[in-house]
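In order, the protein sequence lines correspond to chains E and H. The first sequence maps to residues 1 to 560 in our numbering. The second sequence maps to residues 1 to 560 in our numbering.
Some clues are possibly wrong.
Copies of the same chain look alike in the list, so a pair counts if it works inside one copy or between any two.
Claimed, not checked - Below are the BS3-like pairs computed for lysine-lysine, each with C-alpha atoms no more than 27 angstroms apart in a straight line:
| # | residue 1 | residue 2 |
| --- | --- | --- |
| 1 | K46 | K370 |
| 2 | K489 | K448 |
| 3 | K288 | K202 |
| 4 | K345 | K370 |
| 5 | K353 | K370 |
| 6 | K125 | K71 |
| 7 | K244 | K71 |
| 8 | K364 | K46 |
| 9 | K311 | K353 |
| 10 | K511 | K224 |
It should be emphasised that the hints constitute simulated quantities derived from the structure, not laboratory data.
2 protein chains.
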Amino acid sequence: MAYTIGVDYGTNSVRALVVDTNNGKEVGTYVFNYPHGHQGVIIDPKDHNLARQHPADYLAGLETSVREALKLAAQNDAQFAPENVIGIGVDTTGSSPIPVDANCVPLAIHPHHKNNPNAMCWLWKDHTSVEEAGKITDLALEQRPQYVAKCGNTYSSEWFWAKIWHCLNVDPKVFHAAYSWVELSDYIPAVLSGVKNPANIKRGICAAGHKALYCDEWNGLPDKEFLNMLSPELGRLRDRLYDKAYDLNESAGLLTKEWAVKLGLPEGIVIAIGAFDVHLGCIGVGIKEGVVVKAMGTSTCDCGVVSNTKKVADIPGICGIVNGSILPGFYGLEAGQSAVGDIFKWFVEVVCKGQDSLHGELTKEMAALKPGQSGLLALDWNNGNRTVLVDQRLTGLLIGQTLHSSQAEIYRALVEATAFGARAILERFKEYGVPVTDVVCCGGIAEKNAVLMQIYADATGYEMKVSRSPQTCALGSAVAAAVAAGSAKGGYADFPAAMAKMTGLKDVTYKPIAENVDIYNELYFLYMRLHDNFGGVTKGDDLSLFMKQLINIKQRQSKD
Amino acid sequence: MAYTIGVDYGTNSVRALVVDTNNGKEVGTYVFNYPHGHQGVIIDPKDHNLARQHPADYLAGLETSVREALKLAAQNDAQFAPENVIGIGVDTTGSSPIPVDANCVPLAIHPHHKNNPNAMCWLWKDHTSVEEAGKITDLALEQRPQYVAKCGNTYSSEWFWAKIWHCLNVDPKVFHAAYSWVELSDYIPAVLSGVKNPANIKRGICAAGHKALYCDEWNGLPDKEFLNMLSPELGRLRDRLYDKAYDLNESAGLLTKEWAVKLGLPEGIVIAIGAFDVHLGCIGVGIKEGVVVKAMGTSTCDCGVVSNTKKVADIPGICGIVNGSILPGFYGLEAGQSAVGDIFKWFVEVVCKGQDSLHGELTKEMAALKPGQSGLLALDWNNGNRTVLVDQRLTGLLIGQTLHSSQAEIYRALVEATAFGARAILERFKEYGVPVTDVVCCGGIAEKNAVLMQIYADATGYEMKVSRSPQTCALGSAVAAAVAAGSAKGGYADFPAAMAKMTGLKDVTYKPIAENVDIYNELYFLYMRLHDNFGGVTKGDDLSLFMKQLINIKQRQSKD
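Modelling step: build the complete structure from the supplied sequences, incorporating the hints.
Written as structure tokens, this is what we have:
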């Protein structure tokens, strides 16, 4: 009789989940909504790109969500008792770096900085650092091409170094007040295990490898000479970061007495290494070689693993290929779409000015349409393209409108566009030798929208399987905790064993319908023509700069 | 003290306007809404392409609108009396051909045919004859290229021969019951002047030249050999049509006693040759060489005139170049956009599901945006492209969407797209030596939407002047009647004299704002790149078939 807890830090809330290690049964869960900002996100009405979070919310949410989940577990499961909890795993959004002082305290916790967004957590979807990301990319391509070869030859504005450098550029006081910077996924395990010195935080390979250009090939983080070329301040910061990052076979530490009391748990239970939500979601889905896990929500993340005994080529456009990042012993591959649910939300809320219920109505209506019937085709780039073009300066496109094109037709075209975007990722994996035998989906959309899931099956040609758990990230964290605890304590010796027992698929699944697949093969070909022409892949004509010219005009016109 | 009446047959209603010939003052006007069908149009819910009108509505509307307008004139103008009316002019939609029997009676008036849409007037916007139009185009390009050289090398499904041939193909009974076919613009003057034999109808050069391939160069209508190649039935029909068409310097006849009594007007007053609404609208605006008249409504018509003492080259994409069609002594040039107001209507009603008032709200909001600020760009092809591409199988396109693109931004992008479409026409005129010194607008949009008009000025670089009269078509018909009556009767000797007295401009005008023009020059360049790539002008890449492939799939999928 052993249980673990998975704590999943999302964009608007944190969830704690209590799991029976024997069978993966989820016996108690509680969601805490972050109190600060707009649904937990500090925004700037004057700058759509800014997105921050207050670290105080993380700590308050940790305590409340775990305590409440434990209560519910006790109600739901007669055999449950807090003493039977053997470990805690943590997953978070990322790259979400936090400036901390020399005692590992986030600057925003200090009264002096508490209202300064630059002193808070720089949330994954903060895009203020576009300029810095561009410069990092350019310098890397020139001086250290290997640094960006594993992340699509493009360093993103969403990532660690770009954000920190942007902080230096816009708010040097905060930059200099920060002793170090810690990813949220490393910060929470450090808090639970009582690390007081940033140098002692055990950093996860997931954040380090995918966002901070960490790699064994070049002995860790980017070298100082390179960072000095960006800014000597970044070079100096390197000394206060870390030399080594760890996969999930390590643990972050043991639960302190202080937090054991706060949470109502035994002192000294293991704290797993933290990782990003989607990566632990893959664990919660039961990932293995051949399986692509699609986490479908406002955006998507599409992950695969390939044994690290094989040689994996750098894959153009894939956001990251990191040894050990998802599953120890495997290269973790991460791809994704910058906006999926967000596009539908935009259409319903901003274009149609509809209520939430309009999603349901339009889904019902679009179910009555056949593929291709509307004559509409869209590109799913309203938030740029993460994979395979790795270009945030791309925009949406809708083509084929008549004077009769309806809301439901446009909605379906947007759904199909995201399905084609998903297919482009799967095709890219296969093209570079990553086996794709199964696609397993998780996340809100996969749970709720059967019409969409069928379109995805038809448009990709893959059966869309759905993960059994509706909260795979938290479950994955609980699995990681069970492995960190080890079999002697009632956990597991390794991930395959733990996933076999603790994860699974739903009975409901979506198989491709052959006649729809045929039509979608034609439409996908057309989609890829738009994709390649407007995405700069087809070089024969010069449409590739088209959207950038528009954006340049837009920015120029938006200035004063 | 003399007055004329202009009768303007629109898509949903007919308007009669009583005008003081001395100064163009409009002293009485009355609108009669057609009772049949949906707002006067017989439609087929199963076929968006079908649009017919019942000829009985034309006769009922003629009587009522004229009688009521006369009453109002008497109320408004103390000096007015019906005896002072010296002539009637008529303008109508077109090409709107009507099958008639050997006594000039429309078939649909016969009880036997009255509910058969094929026996009614085939309204200008009927698109059921796409296939026939394509075959006429193909045969002409092969056998008689001169026939289509003056109408953009494409014969339209909206036009005379395509419609008649389609009738033969789908309803041979109606075709064979018809002794002849008459354009609505020729039918009404024939009714008023008592023509009982179709051979005696004085056909206007406007409908003949722009829609029926009539030209002096080849001695009238297409030759019999050509028509026989389409169908021997069409060859035989040619003998029952006409050999000669007339410009507005001729008259159609004199008002019969029967209709004088019905209308309450003096018997024997002159009936002007009928013409299309927009062409007589040009007269109502006061057209002359150098002026382009833009009639702006659901779609637009853009007309110019060039002295027939000059040589006018065939202009690719211009819908028609016809000697005498607008103004006697001048080539009349006709271009147009397939949808303008209809696109805004689609967006508001179909996409936003908004009320009519939403137009006003979005117009107010879009006024606050600067050119290019939204990053959006659209193609105005939701109903195909009439000029300069002459291709109905083109569709809309919207590019540049983000997750924040608002209703007002999209609305503005659609307005801008139509402005760029308007500019493409002006540029084409200039490119082929047609002088464009002034642009004068008329129609509902020009009257009502100052924000849109300013965008048009900025996007085209031309001052947008506005015609003084809000009903230029009816006014133009009244001017034509004044010229047909002649100066001895209180009318005028010629059109320049009549237009100088009877037409004018509003004080309000829209001058281009230099800084906006600069931005729009950039955006227009981008618009033309989309235009040329998706419209098949740029041959370097093969995007030109893109929309057709989508439409083909759509049609295939829409079949069963």
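Intra- versus inter-subunit Cα pairing at 27 angstroms for K311 with K353: neither (50 angstroms within a copy, 55 angstroms between copies)
Alpha-carbon proximity between K244 and K71, which holds within one copy, between copies, both or neither at 27 angstroms: This pair counts as neither: shortest intra-copy Cα distance 38 angstroms, inter-copy 95 angstroms.
Intra- versus inter-subunit Cα pairing at 27 angstroms for K345 with K370: Result: close both inside a copy and across copies, 22 angstroms intra and 26 angstroms inter.
Homomeric proximity label, K353 with K370: Cα distance no greater than 27 angstroms: both (26 angstroms within a copy, 23 angstroms between copies)
Copy assignment of K489 with K448, given that the CA separation must stay at most 27 angstroms: neither (37 angstroms within a copy, 79 angstroms between copies)
Copy assignment of K288 with K202, given that the CA separation must stay at most 27 angstroms: within (25 angstroms within a copy, 83 angstroms between copies)
Alpha-carbon proximity context of K46 and K370, limit 27 angstroms: Answer is between; shortest inter-copy Cα gap is 17 angstroms, intra-copy 42 angstroms.
Intra/inter-copy verdict for K511 and K224 if alpha-carbon distance must be at most 27 angstroms: neither (51 angstroms within a copy, 59 angstroms between copies)
Same-copy or cross-copy closeness of K125 to K71 [CA-CA at most 27 angstroms]: neither (33 angstroms within a copy, 70 angstroms between copies)
Homo-oligomer pair classification [K46, K364; C-alpha up to 27 angstroms]: between (37 angstroms within a copy, 22 angstroms between copies)
Checked against the numbered hints given earlier, the structure breaks hints 2, 6, 7, 9 and 10 and satisfies all the rest.
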